[in-house]
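Colleague: The residues making up each chain are set out below.
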Amino acid sequence: MRLKFTLDNIFKVAAGIVAASAVVILLLNAYILISGSTIVLNRYGLDFITGTNWNPVTGRESFGVLPYILGTIVTSGIALLIGVPLSLGIAIFLVEMAPKAVRVPISYLVELLAAVPSVIFGLWGIFFLRFWILDYIEKPVNAYLGWIPIFSGTPQGLDIFTAGVILAIMIIPTVASVSKEVINAVPNSIREGAYSIGATKWEVIRHWVLSYGRSGIFGAVILGLGRAVGETMAVTMVIGNAVGPSAMPTSLFAPGQTLPSLIANGFLESPTPLEKSAYIGAGLVLLALSLLINVAAHTMVTRLIKVKGGTVE
Amino acid sequence: MKKTYTIAIIAIVIIAASAISYVLLSQPPATTDSITLTGAGATFPQPFIESTIQTYTTQVKPNIQINYQGGGSGAGISAFTQKTVDFACTDAALTASQREAAPNAVHIPETIGAITVAYNIPGVSSGLRLTGPIIADIYLGAITNWNDPAITSINPDVTLPNNAIVLVRRSDGSGTTNWFTKYLSLVSSTWDSQVGSGTTVQWPGTTIGANGNSNVAANIAQTQYAIGYVELAYALQNDMTVADVQNAAGNYVAPSLASTTAAAESIPTSGLPTGDGDWVDVSLLNAPGEQAYPIVTPTYMLLYKELFVIPGMTLDKATQLVQYIWYVVHDGQQLAEPLQYAALPSNLVQINEATLRSITFNGQALVAN
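Protein sequences, first through last, are from chains A and B.
For what it's worth, our numbering labels the leading residue of the first sequence as 1, then goes sequentially.
For what it's worth, our numbering labels the leading residue of the second sequence as 1001, then goes sequentially.
Chain A on its own, in the form it takes in the complex (with noise of 0.2 Å):
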């Protein structure tokens, strides 16, 4: 059969194309990452994944990614536990409470969050942000429970917990508006039928709302995460960029460094080839971490539907 040259065929070839190349920008990805790491990872092997030295000199060469494998995680942690909650807040607010004359132009600004800039968080952090979480929370938390060995040490609001704070703040709008557009497509009749039977206006949206939306808000939750621990300019000029095994993140009042940060830092400036490859290999790693969260949660999503079912929309 000839293919025919109709605008329908043309589409549909120029559709595939389009779409294929997604794929094959990620395979691309991946392939580059593989062969520029190669130096480093036939070098060091799983010691790159375990080792926690990060030294370029020149006869002292080690490179390890596990504190910035363990910093990506545990800011993206903070982040989600700050930011999460506070986006539902929004989005049940939004949809559920706010008077039509208050929900939109709220909406619209937690949408415009999403459009500033993450250097504007950064300076903001830097400037601002910073000096506030120092004199309100950390000094204070430091004094009182500094003995818990993650509120230890001397804080200088340049740490892990202020970058955790930054990407919660950074995380909110992507969180927040996909949440609010979940809620919103919840059928009123399920919240007639709630209310008909005597249910609370909590009641209704702690149990029919949320569990009727929840793989969607899980969604949600999983996008902000991806932009957590992608996050780069604005974690990078506030969290104190620790290297090597300083880099660890026992304490949260302490400098620490994620994966891009590290890779932001020193890869333009790396005269070694090998040095080269381990921020490329830094960079391989951070794609498999991305990857595997991502399936991860996908996973979690399936069986969250397969096991109490009936709430897919």
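The set of hints was computed from the structure by calculation and includes no laboratory data.
These figures come from a predicted structure and were not determined experimentally.
Check before you lean on any hint, since a few could be wrong.
What the hints assert, rightly or not - Negatives, chain B to chain A, calculated, CB over 10 Å:
| # | residue |
| --- | --- |
| 1 | Q1059 |
| 2 | Q1082 |
| 3 | T1159 |
| 4 | A1210 |
| 5 | G1250 |
| 6 | E1265 |
| 7 | P1268 |
| 8 | D1278 |
| 9 | N1286 |
| 10 | Q1334 |
| 11 | A1343 |
| 12 | Q1364 |
What the hints assert, rightly or not - Residues on chain B that point at chain A, a partial pick, calculated with CB under 10 Å:
| # | residue |
| --- | --- |
| 13 | R1170 |
| 14 | G1198 |
| 15 | W1203 |
| 16 | P1204 |
| 17 | G1209 |
| 18 | N1219 |
Said to hold, decoys possible - Among chain A residues calculated to face chain B with C-beta under 7 Å, some are:
| # | residue |
| --- | --- |
| 19 | T52 |
| 20 | N55 |
| 21 | P56 |
| 22 | V57 |
| 23 | S107 |
| 24 | P117 |
| 25 | L158 |
| 26 | G230 |
| 27 | T232 |
| 28 | G240 |
| 29 | P255 |
| 30 | L268 |
Note that the Cβ used here is the ideal one computed from N, Cα and C, for glycine as well.
Once you've looked at the hints, dock chain B against the given chain A.
Modeller: Just chain B, lined up with the frame of chain A:
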């Protein structure tokens, strides 16, 4: 009806095409054979390089275009090695393996910088005295408080607080870190054996890493009891409080253009390599002059001795390139001081002249002897 439209459109196209071609052809021919030179590399001398480009292309050779892309010494060296640029700038001289990868490269020191030790101690103005070993001990964590006897004993007139020193450093790979850690390695054997030197090092203890000179400066300015290292130009422009550092002659010298130039001038020409030699060991650190500031750093332009090796290079372009660099190391030096870079001392200018005379295109010298 349709035909009329077609004829009208064709007529418009013809008129437009002839108008455009008339405009294009009547342009002076200079634009077609103008020459573009490309350079890349270190950000440290970038303001100076850009200033020379601006003046050179407007006042000396208006038909030349020169593009300089920052991006760092490392990026400059790799672009130079791959021959994608006509010249490169780097803060650190080429190592043996880098010289092997880029055979026949020559170094042209084009300006001199210094690294200041800046601090933020409330009530203490510029001029706190420090020695190299003390700075090393501070960064090693051996000296943790400002009122450590080692510091107070050489600063009898200053009341130093009993506060922990907050260490600030560059987090990005940088020529500044390279020279600062080289200096610490030179003055402290403990530093040399434990940490060493490089564009990034594994800093011992807890330090705040800040990206770029401006962030280091901002962190020092905002954090009480902080110490850090910042390029001279940056520190002077921002009125930072900086330490007087003890030099090889035993004097405490404030960082300034004059003390930077003094350091460069006190290096005897006889000890320096030729342009095509090995510059790795050339150092202006701890220079012998009485008034020489001890942490002084050269920064280099890289060129190929035989420019024929660069793809697309022509005799004309090569001549223009060498003439531009000749300008940078001579008249262009006047542009250095307003930007807080020290002008090249005469001994380095002489070496550069010999280097530029040795540069050829297809065997032909480009500067008259």
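Colleague: Now, for every hint given, state plainly whether the structure supports it.
Modeller: Against the structure, the hints:
1. Q1059: Since the minimum Cβ distance to chain A is about 33 Å, Q1059(B) lies beyond 10 Å and the statement holds.
2. Q1082: holds (13 Å)
3. T1159: holds (22 Å)
4. A1210: violated (7 Å)
5. G1250: holds (30 Å)
6. E1265: holds (29 Å)
7. P1268: It holds; P1268(B) is separated from chain A by about 28 Å at its closest Cβ, greater than 10 Å.
8. D1278: Fine: 15 Å to the nearest Cβ keeps D1278(B) off the interface.
9. N1286: holds (20 Å)
10. Q1334: About 30 Å separates Q1334(B) from the closest Cβ of chain A, which puts it past 10 Å; holds.
11. A1343: The claim stands: A1343(B) keeps its Cβ more than 10 Å from every Cβ of chain A (closest is about 26 Å).
12. Q1364: holds (34 Å)
13. R1170: holds (9 Å)
14. G1198: holds (4 Å)
15. W1203: holds (6 Å)
16. P1204: holds (8 Å)
17. G1209: holds (3 Å)
18. N1219: holds (7 Å)
19. T52: Hint violated; T52(A) Cβ to chain B Cβ min 10 Å, cut 7 Å.
20. N55: Since chain B brings a Cβ to about 4 Å from N55(A), closer than 7 Å, the hint holds.
21. P56: With a closest approach of 5 Å, the P56(A) hint holds.
22. V57: Holds, about 4 Å.
23. S107: violated (35 Å)
24. P117: violated (16 Å)
25. L158: Holds, because the Cβ-Cβ distance from L158(A) to chain B comes to roughly 5 Å (cut-off 7 Å).
26. G230: G230(A) check fails; min Cβ-Cβ to chain B is 17 Å, beyond 7 Å.
27. T232: This hint is violated: T232(A) lies away from chain B, its Cβ roughly 11 Å from the closest one there, beyond 7 Å.
28. G240: Since chain B brings a Cβ to about 5 Å from G240(A), closer than 7 Å, the hint holds.
29. P255: Holds, about 6 Å.
30. L268: Holds - the Cβ of L268(A) comes within 7 Å of chain B, reaching about 4 Å at its closest.
In terms of the numbered hints stated before, the structure departs from hints 4, 19, 23, 24, 26 and 27, listed from lowest to highest.
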